[in-house]
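Peer 1: Residue numbers (this note's numbering), protein chains in the order written: chain F, 1 to 163; chain A, 1 to 766.
These aren't lab readings, by the way, just hints derived from the structure by calculation. Each hint should be verified, as a subset may be incorrect.
Stretch-level coverage of chain F by chain A, calculated; a stretch enters the list once three of its residues show a Cβ under 8 angstroms from a Cβ in chain A [as the list claims (entries may be wrong)]:
1. 43 to 53
2. 68 to 78
3. 107 to 113
Mimicking SDA-like on lysine to any residue, the simulated pairs with C-alpha atoms at most 20 angstroms apart in a straight line are [unchecked claim]:
4. Lys106(A) - Lys126(F)
5. Lys96(F) - Glu42(A)
6. Lys743(A) - Lys533(A)
7. Lys97(A) - Arg119(F)
8. Lys58(F) - Tyr100(A)
9. Lys532(A) - Leu127(F)
10. Lys532(A) - Ile163(F)
11. Lys402(A) - Ser56(F)
12. Lys360(A) - Ser56(F)
13. Lys533(A) - Arg39(F)
14. Lys746(A) - Ser56(F)
15. Lys126(F) - Ile117(A)
16. Lys126(F) - Trp373(A)
17. Lys70(A) - Arg84(A)
Please read these numbers as outputs of a predicted model, since none were measured by experiment. Where a beta carbon is used, it is the ideal one built from N, C-alpha and C, also for glycine.
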Amino acid sequence: MSIRYIDCDEARIMPSETEYHVDLEWFGGETVKNLEAKRLFPVSGLFQYIALLDSSGKEVAIVRNIDHLMPESKKVLLAVLNEYYMVPKITKVLDKHDKFGVLKFMVETERGIRTIEIRNRHNDLKLMYEGRVLIRDADDNRYEIENIDALDRHSRSLLNGEI
Amino acid sequence: MDISQLLTNKSIPTVVAEKADPQTEYLFALVSDLSRDARYTEDKKLHPGKKQKKNQDIKMFAADSILFTKDALTIISPTEDSVRRIAFSDIQSVAVKRMYGNAYLKIEKKNEETEVILRFTYQITVSAEAAARYVNNVIAGEDYTEEVKTVQESYERLQCVCPNCGRTLLRPGATCIHCRSKRQIVSRLAKYVKPELKLLILCIVNCVITTTIALIPPYTNQMIVDDFVPNKNYKAMLWMVVFMFVAYVVHYGLMAHRSYLLRAAGNRIVMNLRSDVYERAQYLPMRFYDKTPTGSVINRISSDSLVIQSFILNISQNIIVQSMLLVGIIVIMLSMNWWLTLISLLPVPLVVVGSRIFRKKIAPYYRKIWRRWSAVTSLLTDTIPCVRVVKTFAAEKRAVNKFKEYNEDWRIMDTNASKITSIYPQAVNFLITIGTLAIWAFGGRMAMEEGSGLTLGTLVAFISYTSIFYNPINYLANLSDTYQNTLASVERVLDILDADLEVDDEDEGIKPKSVKGKIEFKNINFSFDRSKKVLSDVNFVIEPGDVVGIVGTTGSGKSTLINILLRFYDNYEGTIYVDDVDLKEYNPGAFREVIGYVQQEPMMFRDTIFNNIAYGRPDAQVEEVFNAAEIANAHSFIVKQPDGYDSMLGERGIGLSGGEKQRVSIARAVLKNPSILIFDEATAAVDSETESLIQEAIDRMISGRTTLMIAHRLSTLRKANKIIVMENGKIIEMGSQEELLAKQGKYYTLVQIQNMGSKQQAKEEV
Ligand SMILES: Nc1ncnc2c1ncn2[C@@H]1O[C@H](COP(=O)(O)OP(=O)(O)O)[C@@H](O)[C@H]1O
Ligand SMILES: [Mg+2]
Numbered sequence: 001m002s003i004r005y006i007d008c009d010e011a012r013i014m015p016s017e018t019e020y021h022v023d024l025e026w027f028g029g030e031t032v033k034n035l036e037a038k039r040l041f042p043v044s045g046l047f048q049y050i051a052l053l054d055s056s057g058k059e060v061a062i063v064r065n066i067d068h069l070m071p072e073s074k075k076v077l078l079a080v081l082n083e084y085y086m087v088p089k090i091t092k093v094l095d096k097h098d099k100f101g102v103l104k105f106m107v108e109t110e111r112g113i114r115t116i117e118i119r120n121r122h123n124d125l126k127l128m129y130e131g132r133v134l135i136r137d138a139d140d141n142r143y144e145i146e147n148i149d150a151l152d153r154h155s156r157s158l159l160n161g162e163i
Numbered sequence: 001m002d003i004s005q006l007l008t009n010k011s012i013p014t015v016v017a018e019k020a021d022p023q024t025e026y027l028f029a030l031v032s033d034l035s036r037d038a039r040y041t042e043d044k045k046l047h048p049g050k051k052q053k054k055n056q057d058i059k060m061f062a063a064d065s066i067l068f069t070k071d072a073l074t075i076i077s078p079t080e081d082s083v084r085r086i087a088f089s090d091i092q093s094v095a096v097k098r099m100y101g102n103a104y105l106k107i108e109k110k111n112e113e114t115e116v117i118l119r120f121t122y123q124i125t126v127s128a129e130a131a132a133r134y135v136n137n138v139i140a141g142e143d144y145t146e147e148v149k150t151v152q153e154s155y156e157r158l159q160c161v162c163p164n165c166g167r168t169l170l171r172p173g174a175t176c177i178h179c180r181s182k183r184q185i186v187s188r189l190a191k192y193v194k195p196e197l198k199l200l201i202l203c204i205v206n207c208v209i210t211t212t213i214a215l216i217p218p219y220t221n222q223m224i225v226d227d228f229v230p231n232k233n234y235k236a237m238l239w240m241v242v243f244m245f246v247a248y249v250v251h252y253g254l255m256a257h258r259s260y261l262l263r264a265a266g267n268r269i270v271m272n273l274r275s276d277v278y279e280r281a282q283y284l285p286m287r288f289y290d291k292t293p294t295g296s297v298i299n300r301i302s303s304d305s306l307v308i309q310s311f312i313l314n315i316s317q318n319i320i321v322q323s324m325l326l327v328g329i330i331v332i333m334l335s336m337n338w339w340l341t342l343i344s345l346l347p348v349p350l351v352v353v354g355s356r357i358f359r360k361k362i363a364p365y366y367r368k369i370w371r372r373w374s375a376v377t378s379l380l381t382d383t384i385p386c387v388r389v390v391k392t393f394a395a396e397k398r399a400v401n402k403f404k405e406y407n408e409d410w411r412i413m414d415t416n417a418s419k420i421t422s423i424y425p426q427a428v429n430f431l432i433t434i435g436t437l438a439i440w441a442f443g444g445r446m447a448m449e450e451g452s453g454l455t456l457g458t459l460v461a462f463i464s465y466t467s468i469f470y471n472p473i474n475y476l477a478n479l480s481d482t483y484q485n486t487l488a489s490v491e492r493v494l495d496i497l498d499a500d501l502e503v504d505d506e507d508e509g510i511k512p513k514s515v516k517g518k519i520e521f522k523n524i525n526f527s528f529d530r531s532k533k534v535l536s537d538v539n540f541v542i543e544p545g546d547v548v549g550i551v552g553t554t555g556s557g558k559s560t561l562i563n564i565l566l567r568f569y570d571n572y573e574g575t576i577y578v579d580d581v582d583l584k585e586y587n588p589g590a591f592r593e594v595i596g597y598v599q600q601e602p603m604m605f606r607d608t609i610f611n612n613i614a615y616g617r618p619d620a621q622v623e624e625v626f627n628a629a630e631i632a633n634a635h636s637f638i639v640k641q642p643d644g645y646d647s648m649l650g651e652r653g654i655g656l657s658g659g660e661k662q663r664v665s666i667a668r669a670v671l672k673n674p675s676i677l678i679f680d681e682a683t684a685a686v687d688s689e690t691e692s693l694i695q696e697a698i699d700r701m702i703s704g705r706t707t708l709m710i711a712h713r714l715s716t717l718r719k720a721n722k723i724i725v726m727e728n729g730k731i732i733e734m735g736s737q738e739e740l741l742a743k744q745g746k747y748y749t750l751v752q753i754q755n756m757g758s759k760q761q762a763k764e765e766v
């Protein structure tokens, strides 16, 4: 048994009838329906190594690099991944509330306004390279600040000291 | 009916309530926090107790909601402006599917169509799961009133948060551990100061005396310059020398005494603080350790407590003394010359304002520095104990580089902070010097003028006093610096001191001496975090004396099952009964006492073999230990050790082979004489000869005890009268070996595969 990779045109990725899923058609005509697209590196490599899993969680294939797919496949796959992975990008920090060890930020994201509750500030706020910040809230939802230095002054001053 | 009174996971948006059918008898609601295109919907309860900022040109929608009746569900979507009713009779099943950071509720209809009916973040998943269970169970014919009660319990558990701090409570009505003792930090620390109060007061008195003595010399200077020298009064001068001699003897004697007392008191404080943190750390639930690196816990016990101690001493001593000194000097100076006093006070406001600015600038740095330092220490606690692995992979260089990198991060941050911390004191010094210079300028002139009332002696004394005067000013201004630094430490220590314990009270709950060993899991659902479900709908009954084999692929949740039975994680849904009593009624510590638990990787302490076996029962008689070791097939190899039972084990049991360690840990379990035995892949990591030794030991132990045995090699389950097969967190098969073999299901396949394997092995050996 070996892993089947998709580099570019070995297979076509098509929209599936099931929401948030894709269908796969190999060059030979063999099709597999209702696959879940899963990033193997959801933190460090958003567009490489996407696994396609069937309903029992078995891996059908791995896409090496989204950018090398056929344009139509790429569009379909990106659309599904976009739905599957919800890591809202924080564009502004509106307010901070820090009491009794529970840290709350009211933030503006591209998906609307949300209050994030952080239980453990030492583990749930992660500063990555180049100003990227990953945040996990008390319910294990994820958020991201693409570049903390690019935020406005007020936002930065609210975040300052926590990161 | 009144929709606003409906049972719900969060408040029902008015738009939804308006769209609901007033005639229908709804039972409960499920309100989402996400629209179908993954935008957040309005949330009323943002900041508790704080007025929300108006803002926001971003349009927010009311939340999609589902209302449930006894035979249908109604989906009301303000975002899509739709209302749809789906009868249970059309539904095959309902399920929650998790994606990443969001999830959805999906129905499978009888006509094989599937449909996503609600989308939400992880915040809602647990409620949604309760709702899905309701639908599935009602479809399966369960009584809906009972099922609504289960939903209610589920909702209540989630909403059972402390009204003060918003943390989830262990159960409804529990007092919040955070808020119960939540007063100001100082009063939290007062507990440690209290026993030392008498001593500290003595020290303060002592300090007042020494400070007063320190204030004498400038005054004598004045007398020398203005009186003794001009009047050639040598006798008076001598008397003064004698007086000062005595004063200095008292002064230095008291100083030495005080410094000893402070050290003694300080040591007691830090010791108590450390012990408390260590004690709390022992009782913290596994959940805490899953998420917190041990290095950071160690750091808090060892160094943060030291920072706090010095702060306590500092606060309790210096603040009082320095303030008194300050007041004292100002009074003396005013009495000498109020005009000059005002001049020397001029820089004070600047110093105070400067310290404000400084505090603002420096505050963020302390946490940043700690964060980076914590990364360094975590790396240490990670790699030093694993030094063998590092060497095996020739990864020394990488380890060193990573360490250098983290160290460098720390250095940069600390150096950045030190720019501020270095400039500030010098700036203050400069301001003070300006004050002194001003006194020279004005005072010098006044002393030269006849009739100004300022004698030369007074000027000299005055200048001496100003130099002392700025000590307390400087100290009080710098206080914020130490305070900030300490605050960060206090926060981290309180993080542990305040973390939810396994139990509110150590003595709470039933403390069984032994149990019969009936174990029942009822509707157990569990996940470590919201992102993945680990156990779903686990149900089984184990009768006293049963030997139960648990099999299944790795990651299917077998160990997790054991972990929650051992109460390492308490936040599961459903109920576990042991001897028909809810597990949560038992005292966790006492309950674990009656369980013998042998893990795959036996944990050993850096101690003798004897003490390692007797770990659970330090009072055990020598021969009891021998006996236990004999039963565990460990005695024979221990006897062969040159140091016998006195053999010292290295860290984590270095010096014994895997199988030997396993037998020591079995002996440990035997000695406990437990009512329930649990083996979690106890023989997975040993060769087949050792396995049979261990197997023999296990067989000797299990008679008359309820036994749970997780095993990969099915051959080890010969004695089991019941087999549980797990897959993806669910029990897929359960029954006796014969039943399961006859069924030709998963267990049958597993047996076939392993038989094939061993036949092949046999063939190869021939
Ligand atoms: N402390 C933990 N935190 C989060 N997930 C965990 C933790 N421990 C185990 N898991 C996950 O739970 C699932 C079941 O694990 P486990 O019960 O150890 O399986 P096994 O059946 O092999 O003993 C696995 O998918 C594992 O990744
Ligand atoms: Mg396991």
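Peer 1: Against this structure, judge whether each hint is valid.
Peer 2: Checked hints:
no.	hint	result
1	43 to 53	violated (count 0)
2	68 to 78	violated (count 0)
3	107 to 113	holds (count 5)
4	Lys106(A) - Lys126(F)	33 angstroms, violated
5	Lys96(F) - Glu42(A)	18 angstroms, holds
6	Lys743(A) - Lys533(A)	28 angstroms, violated
7	Lys97(A) - Arg119(F)	25 angstroms, violated
8	Lys58(F) - Tyr100(A)	18 angstroms, holds
9	Lys532(A) - Leu127(F)	24 angstroms, violated
10	Lys532(A) - Ile163(F)	27 angstroms, violated
11	Lys402(A) - Ser56(F)	39 angstroms, violated
12	Lys360(A) - Ser56(F)	55 angstroms, violated
13	Lys533(A) - Arg39(F)	19 angstroms, holds
14	Lys746(A) - Ser56(F)	15 angstroms, holds
15	Lys126(F) - Ile117(A)	34 angstroms, violated
16	Lys126(F) - Trp373(A)	14 angstroms, holds
17	Lys70(A) - Arg84(A)	16 angstroms, holds
Of the numbered hints listed earlier, those contradicted by the structure are 1, 2, 4, 6, 7, 9, 10, 11, 12 and 15.
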